[in-house]
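**Q** Add chain A to chain B, keeping to what the hints say.
Number of protein chains: 2
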Amino acid sequence: MTHQPVTYIMDGMTDWLTETEQRHWRRFLSMQNRLMGQLAAHLQAEAGLSMPDYDVLVPLSEAPAGRLRSTELLAVTCWEKSRLAHHLTRMEKRGLIVRETRADDSRYSDVLLTQQGRAAITSAAPKHAAHVRSWFVEALTPEELATLGELSDKITERLGEATPTCPID
Amino acid sequence: MTHQPVTYIMDGMTDWLTETEQRHWRRFLSMQNRLMGQLAAHLQAEAGLSMPDYDVLVPLSEAPAGRLRSTELLAVTCWEKSRLAHHLTRMEKRGLIVRETRADDSRYSDVLLTQQGRAAITSAAPKHAAHVRSWFVEALTPEELATLGELSDKITERLGEATPTCPID
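Chains B and A are the protein sequences, given in the same order.
According to my numbering, the first sequence is numbered sequentially starting from 12.
According to my numbering, the second sequence is numbered sequentially starting from 12.
With the rest of the complex left out, here is chain B (with noise of 0.2 Å):
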């Protein structure tokens, strides 16, 4: 059995990419690939929670009386507003957050975040700290670290000239 890399470019159908380039874009790719599948992996184990339950329950624990406006959470997390919707609903029944409709505007929503959910996050946040640390700074030199910060701003900006709706951090 081959350990054939996945390919995101076909080969020989199109001069899009260079060999070079297409080999960068994969080595990028499996690495952000097998990083982010694994944090997922071990986040769901150790504190059941899912990466995009973490993306909301970490502003919320941060934020005072652990309060945000809908439209907030809509700008940190940089979502769909269906896709958060939907993802508030199915945590407002585990119990994460609750909901509640603005005194002054009908139209908008409060997302508090509960005991149970404060609970969660405190528990999740040290592992996956721990597990940021190990596998990600650990693996690289101070210096490439910094490297890698300042190469990814340079792709947000990009990415942000293509989608000037969404904030740029």
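None of these hints come from the bench; they were simulated from the model.
You can take every hint at face value.
The list makes no distinction among identical chains, and a pair is therefore deemed to hold if it is satisfied within one copy or across any two copies.
Derived pair list, reagent style SDA-like, types lysine to any residue, alpha-carbon separation capped at 20 Å: (1) K165 to E149; (2) K92 to Q49; (3) K138 to T29; (4) K104 to S93; (5) K138 to E73; (6) K138 to R34; (7) K92 to T82; (8) K104 to S61; (9) K165 to E155; (10) K92 to M47; (11) K165 to E154; (12) K92 to Q55.
**A** Just chain A now, with coordinates in the frame of chain B:
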């Protein structure tokens, strides 16, 4: 409304990552979320395929006669066995692939690309490649792209130590 970045490590709660390490991690994470999200959204809108569909269709389209053992697909996708099985069931219902029990060993099956599956990946690939070029390759200089490839490999090697069963490309 503030555009607070999605934080994966809670401030003041752990000392697992320094402030600088957190910052670089978030830069990488934000880029990765947006790049992969944007590629997935365009693949879906333009070709009706998900990224996991793509991960399965491309190696099949490159295999002789569009046929791979399911164990080979397991190796190239680096997925859990149950995840692959469920995904193949869905793809078979959509007419993109068919499964055949192997004549030499009925415990295993082959996965075959259908004509419809080949048409889907042939139509999707050039558009997908153009997005990779525009949002990833052209965001960086050739030297920066090579550096990103090298840093990616270092992280993948580190992940390989954590999960030795999954092949490193």
